[in-house]
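2 protein chains.
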Amino acid sequence: MAERLLVIGGDAGGMAAASQARRQQPYMEIVALERGRWTSYSACGIPYLVAGDVGSHEELIARTPEEFRDRQRIDVRMGHEAIGIDLASRKVEVRDHTRDRTLQLGFDLLHIATGAHPIRPPLPGIDSPYVHGVQTLDDGIHLLEHAERGGCETAVVVGGGYIGVEMAEAFLRRGMKVTLVEADEQVMRTMDPDMAAPIATALRQLGIDVRLGVKAEGFEDGVVHTSAGSIRADIVVLGLGVAPNAGLAADAGLKTGVRGAIRVNRRQQASVDGVYAAGDCAESYHRVTQRQVHVALGTVANKQGRVAGLNLGGGYATFPGVIGTAITKVCDFEVARTGVNQEEADRAGFEYETVKIDSTTRAGYFPGTQPITIKMLAERDTRRVLGAQIVGREGAAKRIDVLATAITAEMTVDDVIDLDLAYAPPFSGVWDAVHIAARKGAEALDRAVASRLR
Amino acid sequence: MAERLLVIGGDAGGMAAASQARRQQPYMEIVALERGRWTSYSACGIPYLVAGDVGSHEELIARTPEEFRDRQRIDVRMGHEAIGIDLASRKVEVRDHTRDRTLQLGFDLLHIATGAHPIRPPLPGIDSPYVHGVQTLDDGIHLLEHAERGGCETAVVVGGGYIGVEMAEAFLRRGMKVTLVEADEQVMRTMDPDMAAPIATALRQLGIDVRLGVKAEGFEDGVVHTSAGSIRADIVVLGLGVAPNAGLAADAGLKTGVRGAIRVNRRQQASVDGVYAAGDCAESYHRVTQRQVHVALGTVANKQGRVAGLNLGGGYATFPGVIGTAITKVCDFEVARTGVNQEEADRAGFEYETVKIDSTTRAGYFPGTQPITIKMLAERDTRRVLGAQIVGREGAAKRIDVLATAITAEMTVDDVIDLDLAYAPPFSGVWDAVHIAARKGAEALDRAVASRLR
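Note that the protein sequences, when read in sequence, are chains A and B. If you read the first sequence in numbering that gives the first Met the number 0, its first letter stands for residue 0, the second for the next number, and so on. If you read the second sequence in numbering that gives the first Met the number 0, its first letter stands for residue 0, the second for the next number, and so on.
Be aware that one or more of the hints could be misleading.
Any copy, or any two copies together, can satisfy a pair, since identical chains are not distinguished.
As a list, the in silico SDA-like pairs of lysine to any residue whose alpha-carbon atoms are at most 20 angstroms apart [said to hold, decoys possible]:
(1) K439 x Q24
(2) K176 x T225
(3) K439 x S18
(4) K355 x E342
(5) K439 x T317
(6) K439 x E350
(7) K254 x D85
(8) K439 x Q23
(9) K90 x L247
(10) K254 x G83
FYI, nobody ran anything at the bench for these hints, they're computed from the structure.
Chain A extracted, bound-state conformation (with noise of 0.2 angstroms):
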């Protein structure tokens, strides 16, 4: 096999196949383009970058352009950006912006890895250079050079989802005034409203202020504009959300679906023989709701890249797909999610009951316990585990993991009382939270058949 594969995209998605494929072909030519500067970096980060947790860019890059031509000589091309897709001669049209130059690169394997963009919304004012996406490490360089330049004093984030209440807390911890903008009535939509409203209750308690029912309608030089007056803001984050990168990949013919992402199949293939696709620009299937998803995150990207590359490089892997796990935290308030909220399982069409329970991190009795909260979805007749989430202190979101695992196993609420979780004071209460969520889970279903039968 004396093949060439091309990768487009330098990040997860991308270089996750580059290095699993490598391991299967020694002997492959592996070639990887990347538009920007910076490979295989941790965008997870960049609040952290912003806050001041992590002393400089260069600690959240995993692996450099360097490494991986020393290392798995894979042959990254840096500033160099695909501008094209040719899938009947089965070649790439690249613009090589560092000589300023177009070339044509043919392929045996194609494996498209473009990422996603930040969705910014047609508004007055929206594309002026202080108003950010969080998206690539240059953005996290442009917001932390601004956010370090003197005068900046005033936030603006617009967006209460993960990356937005992760940046109104790195602009807090800078000492800024911060306000938080959402247009729906609850921050974190991937949250029941439930248990959103204790989340926007410790935003506000750390002095963040959060305005709920609030649209950005247009941005001028040091003032955002929204549908409940004008706030000052020396630097405004957009955290609305993502959009793949897809066009590239639908110009050439290959098929897209759900929010225009790649489409790929369990071994992600796209819909041409030869051509892969994985990351932020890819769906991905959800295990609860047997339904197409777009989720951009960077396990999911790195999960979806290892299997591509595994099959790019003549083996054979499946990715079965997400249940929609997250996790965040807000100095020391955590919050975490898996499966489907109620909103999700009514759309799925689910009959399920819903519990709630608040208990502790540790032994009641132990010092540092602190309180964790758990609302559980499970399903009637089948009584399984449909959705978990978590909200708490230090120590509580952390054990989503669990309920994911069994969401993924398909356990009933009752499987779960029954799991054997490791129980020692300074750890969890004899019964750990999580057993004392599926109790309660399983009571309410008891008493929804009971009351069927009445």
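Given chain A's structure and the hints, the job is docking chain B onto it.
Below, chain B without anything else, positioned relative to chain A:
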């Protein structure tokens, strides 16, 4: 149903059953006998009581006899010891220590939860009052009194299991000079030797004098004689494991099994109709080895008690068994295990591969990230995860729950790689340490196949 349920034993295995039965049957008569002074307390909290983390022994009591009486109408009789069971006439002979009299109590349903007792090898001086077991709340109170007494400066802990290392830390934090004597060549025999070695190192770094391969041979006031000389000891604690209190049940003709524990089926029914058992006095089923085992842990006692109570109350419930999960910490050094270790896997006849990985509890660049080492055992051919062990610092050990859940679901290493675990830089790397262990496990299994085909 106007029956009488008689419960022998007022701690977790007994009172969880009594409470659950009450919830099912509002009118059933429930009498519970407790020979000691306390109900439903956290024996696992005793080391933290002695260390001074917990202000008073009362904080370890989950529910008092009065609360059981007033809230649940459970007739708890303190200072009452069952001294004989007549299964034919369905009566229990009871010694009432409070009034120094013996009485007979009939029952329709009987639940035995007599617990366990610390193993005391027949060594000279072992019954002296300064050689303590760590089992009952009274043990904890005596230990605390002893430790707080003036002149208590040296402690010897015999046995390096969970209780042993927890008590060693407790004495250390009281400012005592602590020696831990372990007859085996490693501490924590539920861990493989290579995972136990760093625990011994951590104990020594804390200042505990760990003596491996040393046997206690006798006790005199102020001195412990060992196979390697004498050690000064103002206080001695035994951490040599526990044996079930099953003599009463065995004498009555109930079947016993592993280590003499009461044999029960999946509904916690003993070998005679209408008689149940739960907790430290009863056997458990190990879901990985598919063998009966004896596990004396509060979590298991609570789960078994709940299942017994559901059945005693006329419901239907089964306890599917344990997988040997356990956790502890010594200062900030955390230890956990689940499933089988190598010795257990060998004894059960599994063919398996082992891998060991070093990772971090948070993103490598994130402040406060701590080391975590995971060892994983995976079965050849089926690729199932059979067991896992974790050592590390803060935030490491509770990750064992993900692996416990995966093992329960009979997941393969490949299933674990695909788990949608929660990622954000303050909580894990983009590949969680659990993922990394599973990836190494998959590679090891692949290599094993390749080497067999060669």
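Going down the list of hints, with the structure as the test:
1. Taking the closest pair of Cα atoms, K439 and Q24 come within 20 angstroms of each other only across two copies (19 angstroms); inside a single copy the shortest separation is 52 angstroms, beyond that limit.
2. Taking identical chains as interchangeable, the C-alpha atoms of K176 and T225 lie at most 20 angstroms apart only when both belong to the same chain, with a minimum of 17 angstroms there against 66 angstroms between chains.
3. Taking the shortest alpha-carbon separations for K439 and S18, only the inter-copy value of 15 angstroms comes in at or below 20 angstroms, while the best intra-copy value is 46 angstroms.
4. In this assembly of identical chains, the alpha carbons of K355 and E342 lie at most 20 angstroms apart only when taken from the same copy (16 angstroms versus 41 angstroms across copies).
5. In the homo-oligomer, the alpha carbons of K439 and T317 lie at most 20 angstroms apart only across protomers (18 angstroms), although the nearest pairing inside one protomer, at 36 angstroms, exceeds that limit.
6. In this homomeric assembly, K439 and E350 come within 20 angstroms of each other (Cα to Cα) only inside a single copy, at 17 angstroms, whereas the closest approach across copies is 40 angstroms.
7. In the homo-oligomer, the alpha carbons of K254 and D85 lie at most 20 angstroms apart inside one protomer (14 angstroms), although the nearest pairing across protomers, at 76 angstroms, exceeds that limit.
8. For the identical chains of this complex, K439 and Q23 are inter-copy neighbours only, at 15 angstroms across copies versus 48 angstroms inside a copy, given an alpha-carbon limit of 20 angstroms.
9. In this assembly of identical chains, K90 and L247 lie within 20 angstroms of each other by CA distance solely inside one copy; the values are 13 angstroms within and 82 angstroms between copies.
10. In this assembly of identical chains, K254 and G83 lie within 20 angstroms of each other by CA distance solely inside one copy; the values are 16 angstroms within and 77 angstroms between copies.
In summary, this structure violates none of the numbered hints.
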